[in-house]
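Q: What follows is the residue order along each chain.
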Amino acid sequence: MNETSNGYCALILHTHLPYVHHPDYEHFLEEEWLFEALAETYLPLLARFIELRDASIPFRISMSLTPPLLFMWKTASLRSKFATYLKNRESLARQVEKDPERFFHSEESDADSQIRKRCIEHYVERYRRLQALWKSIDGDLLSSFRQLQDDGNLEILASAATHGFLPLFQRKEAIAAQIRLGVELTEKCFGRRPRGFWLPECAWHEKLGAPLRAAGIEWLVLDHHGIVGADPRPKHDHYRPAEIAEGLFAFGRDPRCSEQVWSSKVGYPGDPAYRELYRDIGYDADYRAIRPYLNPDGIRRNVGLKFQRITADVELHEKKNYDPEAAEIRTRAHAANFLDSRRDQIADLRRTLDTRPVLTAPYDTELFGHWWYEGPSFLEQLFRQHQLRGDAAGFEFATPSEILDHRGPRSRVFAHPSTWGRNGYSEVWANEKNAWMWPHLFEMQKRMCQRAEEFSQRNPTWMERRFLNQMVRELLLAESSDWPFIVTMETSAHYAERRFRDHVHRFFALEDAFDGALFSEAELHSVELHDAVFPDLDFRIYAGA
Amino acid sequence: MSSDPHDAPSCVAIVSAEVAPWFSSGRLGESTQTLPKRLARHQIRSFTVAPFLQCHGEYAAEFETVCEEVSINFAGERQVFSILRALNPEDDTQVFFIRAPEFLEAGDDPYGQDRGDSGLGNLRWLFFAVAFRPALRALELSPGLLFLQDWPTALIAVLDRTDHHFDDDAHACAVIFSVHDPRQQGWHNPTDWREAKLREDLLADDLLYEGEDLNLLKGGLLFSDLVLFGPDTSLKSLFSPQSEYGLSSMYESRSEHLRAIPGSSGTPQDKIALKDAIDLALRLRSQRSREDLLLRRLDLEPSEAFLAPQRGVPEYYPIDALFLRVVDPRRLAVFWEVQGEAGRQVLDSLSADEVYGSRWELRLEALESGSRWTVTVRGLTKNWFVEVDPGRQYRAELWMSYGSSDDERALRMATSNLVSTPPDLIARSS
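In order, the protein sequence lines correspond to chains L and D. Residue numbers for the first sequence, in this note's numbering: 4 to 548. Residue numbers for the second sequence, in this note's numbering: 1025 to 1454.
The hints are simulated quantities; they were obtained by calculation from the structure and are not laboratory data. All values reported here derive from a predicted model rather than from experimental measurement. Even glycine gets a Cβ: it sits at the ideal position worked out from N, Cα and C. Among the hints, erroneous ones may be present.
[Said to hold, decoys possible] Covered stretches of chain L (in silico footprint by chain D; criterion: 3 or more residues with CB under 8 Å from a CB of chain D, positions within the stretch not fixed): (1) 380-392; (2) 461-472; (3) 532-540.
[Stated by the list, open to error] Calculated cross-link-like contacts (lysine-lysine; reagent style BS3-like; alpha-carbon spacing at most 30 Å): (4) L:Lys322 with L:Lys120; (5) L:Lys191 with D:Lys1221; (6) L:Lys138 with D:Lys1221; (7) D:Lys1221 with L:Lys77; (8) L:Lys175 with D:Lys1221; (9) L:Lys449 with D:Lys1406.
[As the list claims (entries may be wrong)] Here are the computed distance ranges between Cβ atoms for each label pair: (10) D:Glu1339 with L:Ser459: 29 to 39 Å; (11) L:Gly155 with D:Glu1236: 35 to 45 Å; (12) L:Asp154 with D:Glu1093: 15 to 25 Å; (13) D:Glu1339 with L:Asp351: 57 to 67 Å; (14) D:Arg1387 with L:Thr87: 53 to 63 Å.
Start from the sequences, fold in the hints, and give me the full structure.
A: Put into structure tokens, the structure is as follows:
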């Protein structure tokens, strides 16, 4: 890190999906959340990162990879299903290239037709490359990202075991378990003790400080108001890390960095040249043509080939054809604009602050590629252009750990309870729609602690341990913040509700076995197969935190 | 329903530290070499997997590399091995060798100078076991049964039922663990286990621990579907309290899974022929799958296995509790349950009319200001959201009122925890 730099920008990507694993089914709709993210975000990002590395262009990014995602990445059956998914998409792209009239009926001008042709070629090439990349890494994304970490570009941070919304938890043991299991898994997978921790939903409460420090965590990210609302307000606002518990530092999200990239209205992703998310050949194509590429149920759904651009604020059917080359050119302009904006922002701050400011820019990783198709290209451009600018860039990209290592002024404050959800607090995860979920979690957490305490006093048998460990898995999976979130958003509420109920049901069915209820080993085995997270956990983690 | 996939193994993987003619330190190498032929007599196809050891170097010309680079995570790091292939001169079946010079080829004696000592003689077998499943996947082989030969391969059974437990290929695969001569089994130092970063929870007395040592043999005995004992072994004596193997408690609990080959000194009922042993292992393995299927059929249609209507979430819990949570500076969430002993007693003491006519109230108190107010809540609900002020501490109580207006009585059903609302940032900044 350059000590003479005017200031720093810490780019942080939070990577998470809920654990969705249905080995009973060849096709399961919600498993496609993972496949879409793999095809649109994780693999394209990996490809860009590898290109940057191979061109010796440094890219300092901090990245959380949550345990549910890591477990899905490691699951052989999901990898195999994804390989089929990717093959299916490549085959669809080739078929569209071979026989476009079967898929598109509208009459077009020559110019439009040429643009569409380029777009088709783009998809054929894209899926060919994705397949090649997938094969070259043998489907092992974890090792690939670990390699990027070991090369010195990525800093991997930990997150909670199943992305639990920690401030609302009932038991401190349950909070500590989420944190410890998450940290330990990250260390196991990436061979390093993580220094940073991504708080699920950026949700902070002061009771999280002690367990985070106990797990060796040094820094985390809070939303802007978590820092500027701190008591006392930090001298440098959110432009320097603030110490929010003994040895624990918080970096506050910078609203300007966020808006430029996040906002679909005023941010880059809303540019007319970029790909339109809500048009998809799965819905637009002639049914007979697209049918072989849909799941066996034959229901139309997104298949990832989209041929329209955002165009303007017009109806979906009025969208114009997407030109990947034109979009790629826009990413260069947007990357330049982002760099200019940060340079100017940091220069302004440098004039008023007595220290080098830090701009913390956290985003959901899935924004890059899945929500904003050109996002991975934007990120690549960001680092390429930054290197080309040299000292003229006016600031440096750095990870929070590097910034902490480089001593600077710090304030000791009590951070404001906050999240990065709607209106900045907990209303998304605790409201009239999902309130019924919380008492179940409170009771499960209490019972888990009681059982763990009880069995820690004696040496449980192998079978008892299996039951207790599986109870922990069911509790962890029920605790995922995704379920109340999805229920609130009403996107796949039916599925989220079912999943939550399943985990509650299984938890108590397993617990009832200790009181003599009938629960066969086969049933236990079946539950272990389905809810297969943390295979080597030890239930005693819930005994007296 | 389709036929049971365990009726016959699609293919058997024989796994051994030794395969003649390339390496044999006793009878094990020869036994492994002839096993494919014996299986073939029962129309069972097989292949063999073994470690490439230093002693194999002199036969280098006979081996063909079939996988250049397979990577695994071992000892907390990415390790790479290759896979070589040779043909068994007995019957031309394939023999695959896992080659990882750093772990498998070091040292003259594959078992170490003193069997079971800490060091490479031990770490080598841990590595081989960890590499085994990834090797099969790299070769795109998915055998229906593993035939593990003696303690150096025992850990493979353990890993198949633990780390790979959730993987389709391992779950469907039966395991026979064959013990040739337990006297050759040593006790290992668990330091290597920890160095290899294998699961700590298996180091328990009823699992792989023996006193303070690691006993790999126990892993094979415990985790395989069937254990076959060789001619030098008497099952009864092996499992007797007088033996040195610490297995006495296992005989009863695992008797269904223990058998001896003909010619051994076991009791007649223990003995079993090769083909019958395979059938038994497959049957024991498939029992689980059948139970799974039966369970699902009883419970739900397969297509609804996951999205079944209402999976029995408890309607209430036998507790009396009131929980307060802060939603934002101006809003609290309140959750309650009054089905505990005290709550039930109160409700049971009332007449049906009194219960029907009862009113439920949340009484809230702001601690510093002392202000109190009451919110009437609807019957049957178990949560409520209340508006409050920022920067205050709150506590709540749940009350039930009953009786006529002349004679109204009220009972406190539960008291909450204390919460603090954060200050309102907008108010503060203005």
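Q: Hint by hint, say whether it matches the structure.
A: Hints, verified against the model:
Check result for the segment 380-392 of chain L against chain D: violated, 0 residues qualifying (beta carbon to beta carbon below 8 Å, three or more required). Counting residues of the segment 461-472 of chain L whose CB lies closer than 8 Å to any CB of chain D gives 4, so the stated coverage by that chain holds, three being the minimum. Look at the segment 532-540 of chain L against chain D: 4 of its residues bring a Cβ nearer than 8 Å to a Cβ of that chain, three or more, so the hint holds. Restraint check for Lys322 (chain L) and Lys120 (chain L): satisfied, since their Cα atoms lie roughly 17 Å apart, inside the 30 Å limit.
Restraint check for Lys191 (chain L) and Lys1221 (chain D): the C-alpha separation of about 9 Å stays at or below 30 Å, so the hint holds. Taking the CA atoms of Lys138 (chain L) and Lys1221 (chain D), the gap is about 28 Å. The hint holds against a cut of 30 Å. Between Lys1221 (chain D) and Lys77 (chain L), the direct Cα distance comes to roughly 17 Å. Compliance with the 30 Å bound is thereby established for this hinted pair. Among the hinted pairs, Lys175 (chain L) with Lys1221 (chain D) is consistent with the structure: their alpha-carbon atoms are about 29 Å apart, no more than 30 Å.
As the CA atoms of Lys449 (chain L) and Lys1406 (chain D) are separated by approximately 19 Å, the hinted pair is consistent with the 30 Å bound. Checked against the given bound of 29 to 39 Å, the beta carbons of Glu1339 (chain D) and Ser459 (chain L), roughly 31 Å apart, stay inside it. The given range of 35 to 45 Å is respected by Gly155 (chain L) and Glu1236 (chain D), whose C-beta atoms sit roughly 41 Å from each other. Taken as a hint, the range 15 to 25 Å holds for the pair Asp154 (chain L) and Glu1093 (chain D), whose Cβ atoms sit roughly 19 Å apart.
Between Glu1339 (chain D) and Asp351 (chain L) the C-beta distance comes to about 59 Å, which sits within the given range of 57 to 67 Å. Between Arg1387 (chain D) and Thr87 (chain L) the C-beta distance comes to about 59 Å, which sits within the given range of 53 to 63 Å.
Hint 1 from the earlier list is the only one contradicted by this structure; the remaining hints agree with it.
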